[in-house]
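So the protein sequences, as listed, match chains A and B.
Heads up: the first sequence begins at 1 in the working numbering, then just goes up one per residue.
Heads up: the second sequence begins at 1 in the working numbering, then just goes up one per residue.
Think of the hints as simulated: they come from the structure by calculation, not from any bench.
Keep in mind that the hints are not guaranteed to be accurate.
Claimed, not checked - Calculated cross-link-like contacts (lysine-lysine; reagent style DSBU-like; alpha-carbon spacing at most 35 Å):
1) A:4 / A:144
2) B:117 / A:203
3) A:191 / B:30
4) B:53 / A:171
5) A:78 / A:191
6) B:30 / A:293
7) A:144 / B:128
8) A:108 / A:4
9) A:274 / B:30
10) A:70 / B:128
11) B:135 / B:30
12) A:80 / A:295
13) A:70 / B:7
14) A:35 / A:108
15) A:274 / B:3
16) A:295 / B:7
17) A:137 / B:93
As the list claims (entries may be wrong) - Pair by pair, the computed Cβ-Cβ distance ranges are:
18) A:274 / B:29: 46 to 52 Å
19) B:75 / A:235: 51 to 57 Å
20) B:70 / A:170: 40 to 46 Å
21) A:198 / B:113: 39 to 45 Å
22) A:297 / B:76: 54 to 60 Å
23) A:190 / B:28: 54 to 60 Å
24) A:114 / B:14: 51 to 57 Å
25) A:50 / B:37: 56 to 62 Å
Claimed, not checked - So, partial list: chain B residues that the calculated Cβ filter (under 7 Å) puts toward chain A:
26) 49
27) 56
28) 71
29) 75
30) 76
31) 79
32) 83
33) 86
34) 90
35) 96
36) 100
Glycine included, C-beta positions come from ideal geometry on N, C-alpha and C.
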Amino acid sequence: MNSKFKLAIISLTSCAGCENAILNASPEILDFLGKDIEIVYAPIIMDSPPPSSVDIVIVTGAVRTEEDEKKLVEWRDKSKIFVSFGSCSCFGGIPGLANFFSSDTLLKYSYLKQLGTINVNNSPPSNGIPNLTDYIKPLRDYVKVDLYVPGCPPPNTLVVNLFKSIISGEKFTLSKKSVCDECPLNTGKEKVISKMRRWAFSKVDKDKCFLEQGFICLGPATRGGCGARCIKAGYPCRGCMGPAENCEDQAAKMISAISSATSIEEVSTEDLTKLLDLAGTFYRFTLPFSIFKRKIRRG
Amino acid sequence: MQKFSPKIVSFLCNWCGYAAADLAGTMRLKYPVNVKIVRVMCTGRIDPMHILKAFEYGADGVLIIGCHPGDCHYLTGNYKTERKVLMLKSLLKDLGLNDERLEFNYASAGEGERFAKIVTDFVDRIIKLGPSFLKR
Numbered sequence: 001m002n003s004k005f006k007l008a009i010i011s012l013t014s015c016a017g018c019e020n021a022i023l024n025a026s027p028e029i030l031d032f033l034g035k036d037i038e039i040v041y042a043p044i045i046m047d048s049p050p051p052s053s054v055d056i057v058i059v060t061g062a063v064r065t066e067e068d069e070k071k072l073v074e075w076r077d078k079s080k081i082f083v084s085f086g087s088c089s090c091f092g093g094i095p096g097l098a099n100f101f102s103s104d105t106l107l108k109y110s111y112l113k114q115l116g117t118i119n120v121n122n123s124p125p126s127n128g129i130p131n132l133t134d135y136i137k138p139l140r141d142y143v144k145v146d147l148y149v150p151g152c153p154p155p156n157t158l159v160v161n162l163f164k165s166i167i168s169g170e171k172f173t174l175s176k177k178s179v180c181d182e183c184p185l186n187t188g189k190e191k192v193i194s195k196m197r198r199w200a201f202s203k204v205d206k207d208k209c210f211l212e213q214g215f216i217c218l219g220p221a222t223r224g225g226c227g228a229r230c231i232k233a234g235y236p237c238r239g240c241m242g243p244a245e246n247c248e249d250q251a252a253k254m255i256s257a258i259s260s261a262t263s264i265e266e267v268s269t270e271d272l273t274k275l276l277d278l279a280g281t282f283y284r285f286t287l288p289f290s291i292f293k294r295k296i297r298r299g
Numbered sequence: 001m002q003k004f005s006p007k008i009v010s011f012l013c014n015w016c017g018y019a020a021a022d023l024a025g026t027m028r029l030k031y032p033v034n035v036k037i038v039r040v041m042c043t044g045r046i047d048p049m050h051i052l053k054a055f056e057y058g059a060d061g062v063l064i065i066g067c068h069p070g071d072c073h074y075l076t077g078n079y080k081t082e083r084k085v086l087m088l089k090s091l092l093k094d095l096g097l098n099d100e101r102l103e104f105n106y107a108s109a110g111e112g113e114r115f116a117k118i119v120t121d122f123v124d125r126i127i128k129l130g131p132s133f134l135k136r
């Protein structure tokens, strides 16, 4: 194709880490950025008027406000390929954990109760800001999504593959393996956990499988493709790539993995009841994407 | 007002729980009809996904009955399920569902009466708790 692909990057409620990840995928990205693909609209990176239509739109962040909802529908209409980029837009991500609370509670907490907040009016602001949505939902619940690029932020190889596949017209696929398959600490032998440990209170051996040492590592339930980057940096997997292929729910898979890997003689059932905040740990990035979805009772 | 009749999914292991249910039937013991029995070869075969799906589709309670500790036909299946259920209870509590709706209990192949009692007690408890809020 002779003409350049026009690319827009739209940020909803996000931390701007995904935009950094796109720009960070150098030097490979320099091969096609500006040649085959041109960024025409990206408020977070540059100043330009919004175009009437684009070829590709990359949407980052979760839908938290009514403004986000409108933006989403508008850009779906303007684009040919709609890319859900990053864990927040694919699964709800970290903002998705707010589904444990109602939006009223959230507003009241951050505007009235949070430490260091002085609120003269004694009420959350009512005008000038968009309203919060009731729940955080993944983008696919609002609009048709063409491509998913998970990760927090998506790894460089995925970003490069995404652009390459769009230019060449090939199908963009995610890894079908789990993080454990890519993990350098995976010996391939059966894992036996002999003691449950907590990260802050125990000595860590960075050359031995974290799960086997008793730390919670979401590797078995998480989609690969990231090259086990957290584990290579000496930290257990937190599950940002979302559920692995043929795994619907990360928590269910993790409970299954931990309960069958713990040694029956050495780990007592009491040790397992001491594990804290299972929903927050296992659904760290995927609460709105989990099996109960929005059907959780909220505080 | 119509009386609340709970829907309960029950996973029974082939060697103990199901045999106990069979015996309870042969002995013509009475127990509530609310339990929908699913036979599995071992309770260790039950994936947490099965239990979560049951709740998601509107079950008011899930009852799992396996062999007594040490009696598992496959040596450790029931220990593993005990752990799964413990962690699932903690997860369900975080998600706002009463963890008493999930129970793991034991009944050997000869304990038809114990089986009937477990089921009766469980159904009574669920009736007291009322319908699950996940019900559509």
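Contradicted hints - numbers only: Of the numbered hints given earlier, those the structure breaks are 2, 3, 5, 6, 7, 8, 9, 10, 13, 14, 15, 18, 19, 20, 22, 23, 28, 29, 36, listed in rising order.
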